[in-house]
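Peer 1: The listed protein sequences correspond, in order, to chains A and B. Position 139, counted from 1, in the first sequence is what the numbering used here calls 139; the numbers after and before it change by one each time, with no gaps. Position 12, counted from 1, in the second sequence is what the numbering used here calls 12; the numbers after and before it change by one each time, with no gaps.
These are calculated hints, taken from the structure and not from any lab test. Wrong hints could be hidden among the right ones.
Stretch by stretch, here's where chain B covers chain A in the computed footprint (C-beta under 8 Å, at least three residues) [said to hold, decoys possible]:
1. 44-52
2. 70-78
3. 173-180
4. 219-231
Quick list of in silico lysine-lysine cross-link-like pairs, DSS-like style, CA-CA up to 25 Å [to be verified]:
5. B:173 with A:152
6. A:16 with B:76
7. B:173 with A:21
8. A:11 with A:116
9. B:76 with A:110
10. A:213 with B:173
Model, not experiment: these values are computed from the prediction. Glycine included, each C-beta is placed from N, C-alpha and C at the ideal position.
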Amino acid sequence: MEHTTINLNLKVWRQKNAEDKGQFENYKAENISTEMSFLEMFDVLNEKLINEGQDPVAFDHDCREGICGMCSMHINGRAHGPWSGTTTCQLHMRAFKDGETITVEPWRAKAFPVLKDLTVDRSAFDRIQQAGGYVSVNTGNAQDGNALPIDKKNADASFDAAMCIGCGACVAACKNSSAMLFTSAKVSQYALLPQGQPERTTRVMNMVAQMDKEGFGACTNTGACEAECPKEISISNIARLNREYLNAQLSL
Amino acid sequence: MAFTGIFLILFLIVHSVANSCIFLNDSGETYNAVAHFLSHNWIVRFLEIGLFVGLFAHIIQGIMLTLANNSKRPIKYAVNAGNATSKWYSRSMGILGSLLLLFLVIHLKDFFIGTKIALYSGDAPHNLFEEMKEEFSNPIVVGVYVLGVVALCWHLIHGFSSAFQTIGINNPKYNPLIKTAGIVYSLIVCIAFAMMPIAFYLGWIS
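Isolated chain A, as found in the complex:
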């Protein structure tokens, strides 16, 4: 691929700590290779800031190969930037034009308070997961392979739901800051498998209760979460969550 470099104007949200009010700061990112990822562009900027004795921009990242769910930038109004089905770390600078101004904000939600700059506290997701996203397994030898036959369709649907990396883009993209796509994916991956049956009704009740407690909004079916999800989790999981919830209410 042809190697080109571009210059960009960045408008980045800077916030010293959780209590700080925060504001946008303008930076210039120069000689950025179009083959860099968005996070590498920030690395270049941070190197420059450190050399100048300034505080580098704090942002979350870990695997940088699109599977860990740590990166979390709201780029030009889009969670994980303009490409669909892509995390910020897999977003390449060829998505932008030379001289373009890019606005970078942290996830905005009451349940995701900003810790510093572009880093937000997503432990609310951990607590939702802990409220019911598990299966009880008896101790002892591992079960024989294929002892539990699972329908191919259900196995595939469960796997699709389990693709969720818990990055929080669904909450960031939703006008109501709703965590329904995340919660529905976690509920679905167990509800579809035989291993998930013992806790099936209590799981959905507890996870939804925790979700409400964390201060996430309610779903109004705008579909923005599905459009922004880097793992392309379908809102059919939300419909499944609604069914599971209704069934659980009737059966408890």
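Chain A is already provided as a structure; the job is to place chain B on it using the hints.
Peer 2: Positioned in the frame of chain A, the structure of chain B alone reads:
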């Protein structure tokens, strides 16, 4: 929202079919007969109570949902995705609903209250057709009704398929069918409603 919404969707079918009798152009004979039947049948009278309960529940749920959801993002984004990730009418159900509530107040004042007074005061049979004709001779009233129906149309296009999703009906095989049925339903009902004031105003019905 979904259950009350579906109930109101069903009501609109009855309302639009009954009112479409004016298009028979028989000086309102059939329409007045239908109106008389509906206002004197005790099953319909009973269902009417349910209609108001459902309507009231839908409004209260809508207000509570909108207020709760608006409080979940104290600091807004500087740049929004806008139409890139969702439809404007899906994001504007609260505003469209508020417009519909305003329209409903006007609509009930125009036709519902007069009908009820006539029903219980025991006067001569109420000629609803003539009342419609008189109301819709005013271009401002016609304009308000057409705008109200346009708001209703967008509200229904989102509401129809959204209601199915909320009650858990989502199947890749039938999703396009639900979506299309919602759009067809919304357009048929709303065009029928919009044509009523327009037809009276332009003198197509006499």
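Peer 1: For the stretch 44-52 of chain A, do at least 3 residues have a Cβ located nearer than 8 Å to some Cβ of chain B?
Peer 2: Result for this restraint: violated, n = 0.
Peer 1: Sort out whether residue 152 (chain A) lies within 25 Å of residue 173 (chain B), counting only the CA atoms.
Peer 2: Cα-Cα ~18 Å, so holds.
Peer 1: What's the verdict on residue 76 (chain B) and residue 110 (chain A), does the C-alpha distance respect the 25 Å limit or exceed it?
Peer 2: holds (10 Å)
Peer 1: What's the verdict on residue 16 (chain A) and residue 76 (chain B), does the C-alpha distance respect the 25 Å limit or exceed it?
Peer 2: holds (18 Å)
Peer 1: Is it true that the CA of residue 173 (chain B) sits at most 25 Å from the CA of residue 21 (chain A)?
Peer 2: Roughly 49 Å separates the two Cα atoms, so the pair is violated.
Peer 1: With a C-beta cutoff of 8 Å, work out whether three or more residues of the stretch 70-78 of chain A approach chain B closely enough for the coverage to hold.
Peer 2: That given contact holds, which follows from 4 residues of the stretch 70-78 of chain A lying within Cβ reach (below 8 Å) of chain B.
Peer 1: Does residue 116 (chain A) sit within 25 Å of residue 11 (chain A), going by the straight-line distance between their CA atoms?
Peer 2: holds (16 Å)
Peer 1: Would you check chain B against the stretch 173-180 of chain A, counting CB to CB pairs closer than 8 Å, and say if three or more residues qualify?
Peer 2: holds (count 5)
Peer 1: Has the stretch 219-231 of chain A got at least three residues whose CB is nearer than 8 Å to a CB belonging to chain B?
Peer 2: holds (count 8)
Peer 1: Need the status of pair residue 213 (chain A), residue 173 (chain B): alpha-carbon distance at most 25 Å?
Peer 2: violated (35 Å)
The structure is inconsistent with the numbered hints 1, 7 and 10, although it conforms to all the rest.
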